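Please model the entire structure based on the sequences and the hints provided.
As you go down the protein sequences, you meet chains A and B in turn. Here the first sequence stands for residues 1 to 397, numbered as in our numbering. Here the second sequence stands for residues 1 to 397, numbered as in our numbering.
Among the hints, a few may not be true.
Stated by the list, open to error - One side of the interface only, derived from the structure: several residues of chain B facing chain A at Cβ under 7 Å:
#, residue
1, N26
2, I189
3, R219
4, V223
5, F242
What the hints assert, rightly or not - Simulated pairs of lysine to aspartate or glutamate, DMTMM-like, Cα-Cα distance not exceeding 25 Å:
#, chain 1, residue 1, chain 2, residue 2
6, B, K241, A, E327
7, A, K241, B, D293
8, A, K241, A, D78
9, A, K118, B, D257
10, A, K241, A, E347
11, A, K241, B, E331
12, A, K72, A, E360
13, A, K247, B, D293
14, B, K247, A, D123
15, B, K247, A, D293
16, A, K241, B, D297
17, A, K247, B, D297
18, A, K241, B, E373
19, B, K272, B, D141
20, B, K304, A, E240
21, B, K47, B, E373
22, B, K247, A, E130
23, A, K369, A, D78
24, B, K118, A, D257
25, B, K241, A, D297
26, A, K247, B, D123
27, A, K72, A, D90
28, A, K304, B, E240
29, B, K241, A, E331
30, B, K247, A, D297
31, A, K47, A, E146
32, A, K247, B, E130
33, B, K241, A, D293
What the hints contain is simulated information worked out from the structure, not anything from laboratory work. Please read all numbers here as calculations on a predicted model, not as lab measurements. From the three backbone atoms N, C-alpha and C, an ideal C-beta is built for every residue, glycine too.
There are 2 protein chains.
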Amino acid sequence: MSKQAGSVGIVQAQRMRFETPLPMSNGQHFGPYELAYETYGTLNADKSNAVLICHALNASHHVAGVYADDPKNLGWWDNMIGPGKPVDTDRFFVVGVNNLGSCFGSTGPHSISPLTGKPYGPDFPVVTVEDWVNAQARLADGLGIERFAAVMGGSLGGMQALAWSYLYPQRLAHSVVIASAPKLSAQNIAFNEVARRAITTDPQFHGGRFYDHGVVPARGLEVARMIGHITYLSDDVMAEKFGRALKNARYSFSLTDVDFEIESYLRYQGEKFAGYFDANTYLLITRALDYYDPARDHGHHLAKALEKATAQFLLVSFTTDWRFAPERSREIVQALLANRRKVTYAEVDAPHGHDAFLLEDPQYMAVVKSYFERIAQSIAPSAGAAAQARAAQAGAA
Amino acid sequence: MSKQAGSVGIVQAQRMRFETPLPMSNGQHFGPYELAYETYGTLNADKSNAVLICHALNASHHVAGVYADDPKNLGWWDNMIGPGKPVDTDRFFVVGVNNLGSCFGSTGPHSISPLTGKPYGPDFPVVTVEDWVNAQARLADGLGIERFAAVMGGSLGGMQALAWSYLYPQRLAHSVVIASAPKLSAQNIAFNEVARRAITTDPQFHGGRFYDHGVVPARGLEVARMIGHITYLSDDVMAEKFGRALKNARYSFSLTDVDFEIESYLRYQGEKFAGYFDANTYLLITRALDYYDPARDHGHHLAKALEKATAQFLLVSFTTDWRFAPERSREIVQALLANRRKVTYAEVDAPHGHDAFLLEDPQYMAVVKSYFERIAQSIAPSAGAAAQARAAQAGAA
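Next comes the structure, spelled out in structure tokens:
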């Protein structure tokens, strides 16, 4: 690939409305609802080059490019997706979707319930990874995509990519699961629970009906985000980026002032997050993480849970990720190998912890790029054959 | 040692009052003040068998035994200290002290300020590890102890034992530093900062003057304790103790109910803690942890900072401790060896994470026991010689 990698440029969010209620894991049928999504690149004639990108906790359908009216709002995986990038939009038709229950455009707890005329709040159903995948499959139907060339995600998004493989084995050729896990550990759940308690015990949470009070449980959200942030970064990268660096030359001898750079950074991240993220969405998404456990209905045998999967797999983990450590990816690899699936696994030596999946590590980018080049080649023959056939016909005419 | 290890039995807390203000690291002179303490065993004639025990965040002077009126309130290191135990009270005179600023009997933020007639609250000075050691040295003066056979502590208590070695090199023969670190990492500080933010942003904190409002920032304290608890346990022991075990057979599909045992455990620990611990003390003690960094005034050379230390050292770390990992103890060991100090270092293979220093691991107990037997032997000769001399005199008479 000698061409210069570029940006998809100006993009536009779209919305699709679904009138038929969606059967949910909690037993409810939820709907009507809307999903926000974006697409980049061009769907080929036989609709075989579509790639679905699934997002994690704090992301959305805005995966690449910028908005005309918000040129600084770069898609969250813009380093990964674009012309000449690992997921090359000159070859692939990429779909980003905002999940049900999120707060960036799809129907969520902040949306107005047609039953009450007020925001759903705590009445919004507790969604699961499988619910999201079912909703995404309906979006694919709406877009006329029968089968994805790949479904791809990192962290919680990786869980969705994995769930696609056994829920809709016929509908994807490749599953790309990055920095993910087949289920949360007790420690993972513990961090989620502390974050939830910070939110739900904030007096401004009002049992999830804070919209009706015109307030936001900002204190709880701030603390929740700070906790999350610690788990996204490796101890090493925190040491390197912040260490014990001080804001001022001397200790403040104060209990509320900022002394250390790391304090300042975390407060800033927490406050920023509290300014735009919906508290109920935070609760929903952490619960979806807790609940994800495909082996649970199969006697806790992950291989059994993945038996139906027929896709080929790329798994990537990062050595310093202590939220979803490489061992967790290896569990998935083992379960897939037990089912004799084709699996490529890369353990990338990166210093950035869990966050590495969002960052531009050369080895990581190279692995994904070469994997998607292989996918592109497997698509090309029929498209190429069709083009040759057309050329031959033209020549004969 | 064939004798049965036992308890020190019924103990009584005592208090010592200090009229002369203590020069503090923040520049203030603080006092008068009181320190709560307990002693077990008997101080020998030449006062050479005294052992000082320094406590960590959530502990006190109540190190061993029980109170007559509270027989379930067992000292926090009762498994370590008592007749026949690793720190054998048949041989040693053990002193437990509650640090200045704590909430278990010594003068702290909850105490009435003589200046205002109200609790100190946020006016209580920000104390440091060195301040605590200076206060402990005055307690030793009051008890007539010129030189400790050993100063010992775990975690933050280990920092105090280390600080004794360079602040008062002539006043201790041995420093016993368990599960500790020469300074906090950025990640350690980050966890402290989140805990502090949870407390200080609780509306019931009232800028630290919650006493005047008759309330307690319980929500903040609860979240702070939950965060702390996660860092005390290893991922492995959490997995083993709780895993993904559910309270009920099915998921609740609720965002506020408890689904997982680990959630229930953390909430219980958080609520219990909020019921007895002082929020200002929590802030003070985490700040003392953040600030501790003896190398800071020595060009960040730990060996230089420890140059004055003449004691012999025992350091113990635990393989699964990710709060103060073995590497952190090894930094201290290296710095001491660079100064040609006598150091015994044990890295104990224990599954319990940071909490291991409080638990009864056989290898850990054996290491401490044999180390203190060596200390006892180094004390015995002179005492033995004195006894022999007395016996010889008696025989001659």
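Given the hinted pair A/K304 and B/E240, is their Cα-Cα distance within 25 Å? The given pair, whose Cα atoms are some 23 Å apart, holds under the 25 Å limit.
Does B/D293 sit within 25 Å of A/K247, going by the straight-line distance between their CA atoms? 16 Å, holds
Straight-line alpha-carbon gap A/K241 to B/D297, limit 25 Å: With a Cα-Cα distance of about 22 Å, the restraint between A/K241 and B/D297 holds, given a limit of 25 Å.
Quickly compare the C-alpha distance for B/K47 and B/E373 to 25 Å and report which way the hint goes. The given pair, whose Cα atoms are some 17 Å apart, holds under the 25 Å limit.
Please verify whether A/K47 and A/E146 have alpha carbons no more than 25 Å apart. With Cα atoms ~8 Å apart, A/K47 and A/E146 stay inside 25 Å; holds.
Closer than 7 Å between Cβ atoms is the bar; does B/I189 clear it against chain A? Give me holds or violated. Where the cut-off is 7 Å and the nearest Cβ of chain A is about 5 Å from B/I189, the hint holds.
A/K72 paired with A/E360 [C-alpha distance capped at 25 Å]: Given that 25 Å is the threshold and the Cα spacing comes to 19 Å, the pair holds.
Under the criterion that the straight-line Cα-Cα distance not exceed 25 Å, is the pair A/K241, B/E331 satisfied? Since the Cα atoms of A/K241 and B/E331 sit roughly 21 Å apart, the hinted pair holds (cutoff 25 Å).
B/F242 as an interface hint toward chain A, with CB separation required under 7 Å: Since the shortest Cβ distance to chain A is 4 Å, the answer is holds.
With a cut-off of 25 Å on the C-alpha distance, tell me whether A/K247 and B/E130 pass. With Cα atoms ~22 Å apart, A/K247 and B/E130 stay inside 25 Å; holds.
Is it true that the CA of B/K247 sits at most 25 Å from the CA of A/D297? 17 Å, holds
Hint check: A/K247 vs B/D297, CA-CA at most 25 Å. Holds or violated? 17 Å, holds
Hint compliance for this structure: hints 18 and 19 are not met, and every other hint is.
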